[in-house]
Amino acid sequence: MTPAGESRAEGPPLGHAHVEVVSVRLAFGERRVFDGLSCRFSPAKVSVILGASGVGKSTLLRLIGGLLRPDYGDVWIGEQEISRLPERQLQRARRRLGMMFQGGALLDSMTVFDNVALPLREHTKLREREIADRVHAQFEAVGLKRVDALLPGQLSGGMKKRAALARAMITDPEILLIDEPFSGLDPLAVRLIEALLVGVNRTKGLTMILTNHHIGSTIRMADEVVFLVDGASIHGTVKEIRESIDPRIQRFLEAAGTGPTLEEAS
Amino acid sequence: MSRSPIRDLLVGVFVLSGLAALAYLSIQLGAATYSGPGGLTLYANFDEVGGLAKRSPVVIGGVRVGQVRSIGLAPDGSFRARVTMDVDKSLKLPDDTQAAILTQGVLGNQYVGLSPGGSDTLLKDGGEIAYTQSAVVIERLIGKVIQSLGGGSSGGDTAKPPAAGGKGS
Amino acid sequence: MLDFVRTVGWRSVDNVYGLGGIASFGSRLVFETLAPPYRLRRVIDEIYNTGVLSLAIVCASGTAVGLVLGLQGYNTLVRFGAERSMGAVVGLSLVRELGPVLTALLVTGRAGSAVAAEIGAMVATEQLDGLRMMAVDPIDFVTQPKAFALFASMPLLSALFIVSGLFGGYLVGVGLLGIDGGTYVSSLENNIDFRNDVLGSILKSAVFGALVGLIATWRGYTAAPNSAGVSRATTGAVVQASVATLMFDYAITALWGVGV
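Chains as they are written, first to last, in the numbering used here: chain C, 167 to 432; chain Y, 14 to 182; chain H, 5 to 264.
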């Protein structure tokens, strides 16, 4: 396990990474998104994929989740390379992952209870009583009360994210992928979700990979930062990123620090 | 878990009524064109069957007693049409019964009308009706009429072309 | 000039890709229908959405068509003194053509568009991706119940349309035009044959149901993930399914043979 202080910007991967992306190239039609991107995500750490809008943060997350396949390169989840797996095996590999989408992506024709219970109903043979217990335990863990019979359309933004987190976690995944957890939330809600996520990471030792363009929470939460720019990544701890002499990073941090739209920077 | 028992009920009602409608169409309207007993097979040869078809009715005195099972060429090489009929087996038809191909009204469907004779021997299953009257074909009828109006010579024999060369209008 | 050729070439290849896409999608649907898990609960919900909710429009339209057929039929038949055959005229028109085709067009507009829109919206809001990440196949979980519901509801709705139409014809004939009810019904019964007419009708409506099921779910599934994409998918589904219905109607009628 690589000690947290080590920074590996480029170079051959070593040590045990939980998730690894190797020399990935991806283009959408004419637009090149990744051009030889390599990065590692350490186990049990909170890693944040940081970068400007449109640089490919969500795309990278989707690559890790197997929702996109790279034109070239490898995606490793533990010991398994997933980018060339046929759909059936990919489904099995996904059991180790949980994903929280930006809008929650809850099925809007089903109640919140049914949504969170779905993974259990599909993949386990638990009885309804047992499932109900687990669902309610998850609700408690994420701080949701009395939402069982509500439809996702009736939830607030923050509640949707909590429900999505509950659903992602109910199968006890090893790795949690989270796409823009703070989008659309007011500063108070941001802090609450932040605390929730960090709490989950500390108590369960989950590997968490988030995309974020929100500097403040990144600084507070992240054990490791993967900064995406120009189709490649720069890897380091929060401290290293802040002290980086790379002009692109400096520009990004400056804009975040002094911009009127972003809240606290520390 | 059932989201709404009313929904399930409505789906059930829908499916049942749909199946009932299908059943009505298939059985009542479709197959039950003759829903009576059959079992007695009879054959008859005709020169001309006209518009008679499979499932056309077989009728005695206006009452439906069976239907036409199939129509084909007679196997004896005579180029006549052989009609196979399926009629109520409880009928006791004498073997001099006559079969005629008639039409309902002027433009209606064609059917086989049976006129029972007086013989003591009965037709058995697979029996042959000897006396047949072919269907009237409108075109030939009109042809005859034109002939008799125009010529006056051979009345009735439609095979001869009207020798109406000089015999005028 | 070369550009034009290139465009034509591109479009053709694209269309072949499209056909291949819809073919493989269709075979996935068939497979998922036949293979467990059967998701009875969801299928029943979807039959409610497509079948039960279409009942009103189907029966109303059916009666209306029957009324018109009765009226039109009478006007023509009375010239030949053949009013007696009105039952047959109304019945055969409904059973052979109007029942399956009109029902299919109505259901396409009502339920087909709804299905395409729903699935398209689910694509746009990442719900299908969410399912994939939970190792649930969206084709199995979402599209198959909807497609099967459309397929299964169609013959039932078509039969109900026809019966409504027969009733409409009866209303006009017996109620308005003074035809004898018994004549109407017996003309119906004597002239409609199971093998030639009813069976062909059921086959047609089943085929149309499969077409709508396939096209509506396919358009929704492949919609671009934004509101313009969803709207294009919805209208495209209705247009394509309607055209396909009419084309297959001709094909089936020609192949099945008409009448004796």
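Wrong hints could be hidden among the right ones.
Capping the alpha-carbon separation at 25 Å, the derived lysine to aspartate or glutamate pairs in DMTMM-like fashion look like this [to be verified]:
(1) LYS291(C) with ASP133(H)
(2) LYS102(Y) with GLU193(H)
(3) LYS67(Y) with GLU101(H)
(4) LYS291(C) with GLU122(H)
(5) LYS326(C) with GLU193(H)
(6) LYS291(C) with ASP49(H)
(7) LYS102(Y) with GLU141(Y)
(8) LYS67(Y) with ASP21(Y)
(9) LYS326(C) with GLU122(H)
(10) LYS211(C) with ASP338(C)
Using C-beta positions, here's what the derived DEER-type ranges look like [as the list claims (entries may be wrong)]:
(11) HIS302(C) with SER31(H): 21 to 27 Å
(12) VAL72(H) with LYS137(Y): 50 to 56 Å
(13) VAL243(H) with GLU196(C): 27 to 33 Å
Some chain Y residues flagged as far from chain H (calculated, every beta-carbon gap over 12 Å) [to be verified]:
(14) GLY51
(15) TYR56
(16) PRO129
Derived from the structure by calculation, the hints contain no laboratory data. Please read these numbers as outputs of a predicted model, since none were measured by experiment. Don't be surprised by glycine CBs; every beta carbon is placed ideally from N, CA and C.
Now for the hints, and whether the structure bears them out:
Simply put, LYS291(C) and ASP133(H) have alpha-carbon atoms about 24 Å apart, close enough for the 25 Å limit, and the pair holds. Proposed proximity of LYS102(Y) and GLU193(H) is supported: the alpha carbons are some 23 Å apart, at most 25 Å. Restraint check for LYS67(Y) and GLU101(H): the C-alpha separation of about 22 Å stays at or below 25 Å, so the hint holds. Between LYS291(C) and GLU122(H), the direct Cα distance comes to roughly 30 Å. Violation of the 25 Å bound is thereby established for this hinted pair.
Taken as a hint, the LYS326(C) and GLU193(H) pair is broken in the structure, with Cα atoms around 60 Å apart against an allowance of 25 Å. Restraint check for LYS291(C) and ASP49(H): the C-alpha separation of about 23 Å stays at or below 25 Å, so the hint holds. Of the supplied pair hints, the one linking LYS102(Y) and GLU141(Y) holds, its CA atoms being roughly 15 Å apart against a limit of 25 Å. As the CA atoms of LYS67(Y) and ASP21(Y) are separated by approximately 44 Å, the hinted pair breaks the 25 Å bound.
The suggested pairing of LYS326(C) with GLU122(H) holds, with an alpha-carbon distance near 20 Å, which does not exceed 25 Å. At roughly 16 Å between alpha-carbon atoms, LYS211(C) and ASP338(C) fall within 25 Å of each other, so this suggested pair holds. Judged by the Cβ atoms, the range 21 to 27 Å given for HIS302(C) and SER31(H) is violated: they are separated by roughly 41 Å. Restraint check, VAL72(H) to LYS137(Y): a C-beta distance of roughly 52 Å satisfies the suggested window 50 to 56 Å.
Distance hint for VAL243(H) and GLU196(C): a CB-CB separation of about 30 Å, consistent with the stated range 27 to 33 Å. With a least CB separation of 16 Å from chain H, GLY51(Y) remains clear of the 12 Å interface cut-off, as annotated. No Cβ of chain H approaches the Cβ of TYR56(Y) within 12 Å, the least distance being about 20 Å, so the stated non-interface status holds. No beta-carbon of chain H comes within 12 Å of the beta-carbon of PRO129(Y); the shortest separation is about 24 Å.
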